[in-house]
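**Student:** Sequence:
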Amino acid sequence: MEIFGQQKQKTMKLNHIALNIYSKDELKNFYEEILGFQFEYEFDLNIEIAIKIFDIEEQPEVYLYKRDGITIELFHYKEKTIQGFGHICLELDSREETVEKARLLGYEIIRINRNDRPDILFIKDKAGNIVELK
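Numbering of the sequence shown is given in numbering that gives the first Met the number 0, commencing with residue 0 and proceeding in unit increments.
Don't take every hint at face value.
What the hints assert, rightly or not - Derived DSS-like pairs: lysine-lysine, alpha-carbon spacing no greater than 27 Å straight-line:
1. K123 with K23
2. K77 with K125
3. K51 with K12
4. K79 with K51
5. K12 with K123
6. K23 with K79
7. K51 with K23
8. K77 with K100
9. K123 with K79
10. K123 with K9
11. K100 with K51
12. K100 with K125
13. K12 with K100
14. K23 with K9
15. K23 with K65
16. K123 with K27
17. K79 with K27
18. K27 with K100
19. K77 with K133
20. K65 with K100
21. K65 with K79
22. K77 with K23
23. K100 with K79
To be verified - Label-pair distances were calculated between CB atoms; the ranges are:
24. H15 with E56: 35 to 43 Å
25. Q58 with E31: 18 to 26 Å
26. I46 with L91: 30 to 38 Å
27. D115 with I50: 45 to 53 Å
In short, the hints are calculated from the structure, not lab data.
We treat Cβ as the ideally placed atom computed from N, Cα and C, and that holds for glycine.
With these hints in hand, go ahead and build the complete structure from the sequences.
**Tutor:** Encoded structure:
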């Protein structure tokens, strides 16, 4: 097998996205009500594993949600984190309906109007996770 050659790449698919949430209210309010994800199950991450992987001495509760082949793991983390430029982008048939749900539930909406193309549109959960809507 060549490392940098023209050999055909094996297939890859996204398994899941993991995000921190600050409040458990986000599970119902943002991820279920606004984005339409469905709860699958929850578990506590073993503290030894949390330390080895993330260097965090906590045993967080983790909630797994799914929608349309997308899996999100939501880690309940009691401290707010710095978001930086990280975000997820979802393509939706009902972008404006999703924005209206977010507005009614008091979530921040960022809309950048572009004259010749569709608006750039983002919503934020209370932990600062940013979701772009296409």
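**Student:** Return the numbers of the hints above that this structure violates; sort them in rising order.
**Tutor:** Those not satisfied are hints 10, 11, 13, 14, 19, 24.
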